[in-house]
Amino acid sequence: MEKKYETAIGLEIHVELSTKTKIFCSCPASFGEEPNTNICPVCTGMPGTLPVLNKKAVEYAIAVGLGTGCSITQYSKFDRKNYFYPDNPQNYQITQLYMPICTKGTLEIETKGGVKHISIREIHLEEDAGKLFHDQETHSSFVDYNRSGIPLIEIVTEPQMENGEEVIAFIKKLKFIIQYLGASDCKLQEGSMRVDVNLSVREAGIKELGVRTEMKNLNSFKAIERAIEGERERQQKILSQGGRIIQETRRWDDEKGLSFAMRGKEDAKDYRYFPDPDLAPLLISNEWIEEMKERQPEFRTEKIARYKREYSIPDYDIEWLTENKYLADFFEKTAELCRNPKKAANWIMVETMHLLKEKEMEPKELKYSPENLAKLIGMVDKKVINGDKAKEVFAHMFEQNTDPEKYVEENGLKAVRDERILQEAVEEVIAGNPKSVEDFIRGKEKVLGFFVGQTMKVLKGRGDPERITQLLKERLKEGL
Amino acid sequence: MGLLNLTAVQLSAKIKAKEVAVIEALDAALEQIEKLERHIHAYVTIDWEGARRGAEEVQEKINKGELKGLLAGVPIGVKDNICTENLLTTCSSKMLKNFLPPYSAQAVENLKKEGAVIIGKTNMDEFAMGSTTETSAFGVTKNPWNEEHVPGGSSGGSAAAVAAGQCFFALGSDTGGSIRQPASYCGIVGMKPTYGTVSRYGLIAYGSSLEQIGPLCKDVTDCAAVLEGITSYDKKDSTSVLRKDKDFIKDLKENIKGMKIGIPKDYFGKGLSEEVKEAVLGAAKELEKRGASLEEFDLKHVSYAIPAYYVLACAEASSNLGRFDGVKYGYRAEEFHGLHQMYKKTRSQGFGTEVKKRIMIGSFVLREAYYEAYYLKALKVRALIKEEFHKAFEKYDILLGPTTPVTAPKLGDSLLDPMNMYLGDIYTIAVNLAGLPGISLPCGKDKKGLPIGLQLIGDCFMDKKVLQAAYAYEEARGRFVPCIDEKLKSWHS
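Sequence lines, in order, name chains C and P.
Numbered as in the numbering used here, the first sequence ends at 529 without a single skipped number.
Numbered as in the numbering used here, the second sequence ends at 497 without a single skipped number.
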């Protein structure tokens, strides 16, 4: 009889915090600079230099801890993890082993299998290392310390997930919490969020977990899912053939769809951890925690629930809008001002996104205000301008945050509502196109569109297409 | 010659009064260096030109009235583990033979602002690991009182330079006695302030949780003036403390009547030489005559200070010295294949025996399997020792004892018997473990004519009291004839 197996998955997730400066010095924590330009004696490990903790990094860690239901450690410490590698200028990394800043959290996830709670063992603060470049031609290596000292938090879960779907659900949930806090942009591809998967397989019914492996180099949700499936199969196959799993770190090659052992437990290093004597213990007062609690935003899950109660817009729109806190907030303000949530959603999801993509901008770079978008929606609702002109106004507003009312006034874009002028335009078009009139009378209704277009042309695009269609229909019945 | 007999504060007063030019003071010290360096070898680097430039700049500022401090115009030596911008800072190690720091230590910055002129960098035990200055990669320093003897260590170069008039005061660092012990051996005044008083930024770390930069001076007044000059709260050092009572000079001459002095019996036990004991107890009597009360007491656990110290200091050192790997600065082995070998060869060739020994001890005690047995246990011992001192200071204002059990040993003796060298730090080490202020000042000489040091220890942040007691004793003792007066003739011949 074929045996059944169960899988247990735990995650170790590194997230780069969006502080302006590094965790232990005042160098900018920005990306994409020339190598070794954001560096100083401290983050290059020069002799005699000392670390000074960045308060903002601590606040982000507390915020993420509170957002994931963790308890905040009010007396925590930093430890040194000693190992030699050139990307690590002091040859030790400052991290938290013995007293992490947050412990014992939990996140609720929802999958096809239902609702499940995943425990977070701890969240700790640490510093990132530099980056190495190997030049194959000259057989030399170069190191860039710009990333050295960028603040990281590492979130460690209990091995409570059973499949890729749960893992993805957990990561997405965590990602939205961190993004809503503004603590990180959490980009897997760019490495501001790095997920290591610890996975073990055991025979169904056995309580004790099997020997686990740690999978690294997972740069997308797809890679994570594929790696989990691949590793589960690999371990299951070994076990079903009576083999043993070796505890090791493996590197996922997404192109090949295979993983390779990096280092086994036999050469597992002894990191000689001990408390860093250069940093005082980190004391977090009740007041500070309370203050941080008050600053917690409404997270996505709660937002979605509220939107469902408050706005009559499709679930799809709600999911979409709440994926980005900035756009969700923008939507809420606009909807409140114009009292037309569906239109507000549409303008953000369609026109705004279209221009953002075209101009390769991030939502937070938007220049126009919810007030102006609400005004624009109001003008369309009140038929002050027609849809086409609204798009024209929007494009202008997108660039320069123009007041749409002023712009419409100054450029004479108001829809023509004077019935006499409309009638005259209709007459002019009918008189000028006798052949099409005949077509229409013979039952070729398609020409109506042509007439609408022509009339709009006469009105320089400022007509209300609905009213014009109505007028044309009435008039065409009468024939030439 | 006359200038060299002045203390730093006296010299600066004359400079500010335009009786002496800064360059004259510098020349006097440089002349002394030219005469004596071949005998003593107190310096690793002498900044002939930089010092002259510095002297001119300082003179200009004094002339303009911009510099009025107690140390304006004074030529000084700086221990070679304290970073000086664009001036070699080697830690007396092959590893940093070519290291030019792009920044100065905060203590050095502070002294520059006061108008001190840096003559050069003084010799030391490699990376401050040693008690004799014999582990220096650049040759031993000799005791100016007797060239067959060591000057002590690790700030041996600083102590010898001050004693021999090769500078008017010097900075040292004290991790387990490295200021007080050489001060004692060389017959000068040396002080380790309360942990956190002087910024460690720019001090190349050995045992981070234990060490402080401090002054090595000709007398207690200089010591107070220098400490006042280097003390500052520094945002760059997370262990730095804001001292609002750093006006050490102002209250220096406070009467010590009624001061309660505790004498730990444990500091007068086995291994202490009779001559040292006599001199130190004699000094205690002098203080009693001036109105202090004396009482003997038991300072428990202090015998465990040495093993606890070596576990903690070596553990921290093994990590602190990890950065010397040939990648970024300092020495790199010339031939190697691959990264691993570069690390190995660089560190094998760059570090001396004592440093390697301590890195190995430190790496051993920090291993996961032994962490509890050694490192954590040492931390517990440290806590107990702190507690013992805490109890003592509930009863006493100052503790008094010898700085070292014996006077300066002969060159070479300590290296043959390293255990004995480690034990020589017995009276100074506990002070570092507890973070206390301690001072050593001369209280006599042995039959060979070698100086004996008196150690006064205060409670945390009671640096002022330590200086007051030291000043009172110095007044009672009278002038301690510096070695240059006695020795110069023989060196000249």
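Since the hints were made in silico from the structure, they are not lab data.
Beta carbons: idealized from backbone N, C-alpha and C, even for Gly.
Hints may be right or wrong, so weigh each one.
Claimed, not checked - Covered stretches of chain P, going by a simulated chain C footprint (3 or more residues, C-beta under 8 Å):
1) 101 to 109
2) 277 to 284
As the list claims (entries may be wrong) - Short derived list, chain P residues pointing at chain C, Cβ under 8 Å:
3) 205
4) 209
5) 237
6) 240
7) 242
8) 327
9) 343
10) 370
11) 376
12) 379
13) 381
Hint by hint, here is what the structure shows:
1. 101 to 109: holds (count 5)
2. 277 to 284: With 0 residues in contact (Cβ-Cβ under 8 Å with chain C), the coverage given for the segment 277 to 284 of chain P is violated.
3. 205: Holds. Min distance 5 Å.
4. 209: This interface hint holds because 7 Å falls under the 8 Å limit.
5. 237: The hint is violated - residue 237 of chain P has no Cβ within 8 Å of chain C, the shortest such distance being about 13 Å.
6. 240: holds (6 Å)
7. 242: holds (5 Å)
8. 327: Since the shortest Cβ distance to chain C is 5 Å, the answer is holds.
9. 343: holds (7 Å)
10. 370: holds (4 Å)
11. 376: Result: violated, 12 Å to nearest chain C Cβ.
12. 379: holds (6 Å)
13. 381: Check failed: Cβ of residue 381 of chain P comes no nearer than 13 Å to chain C, outside 8 Å.
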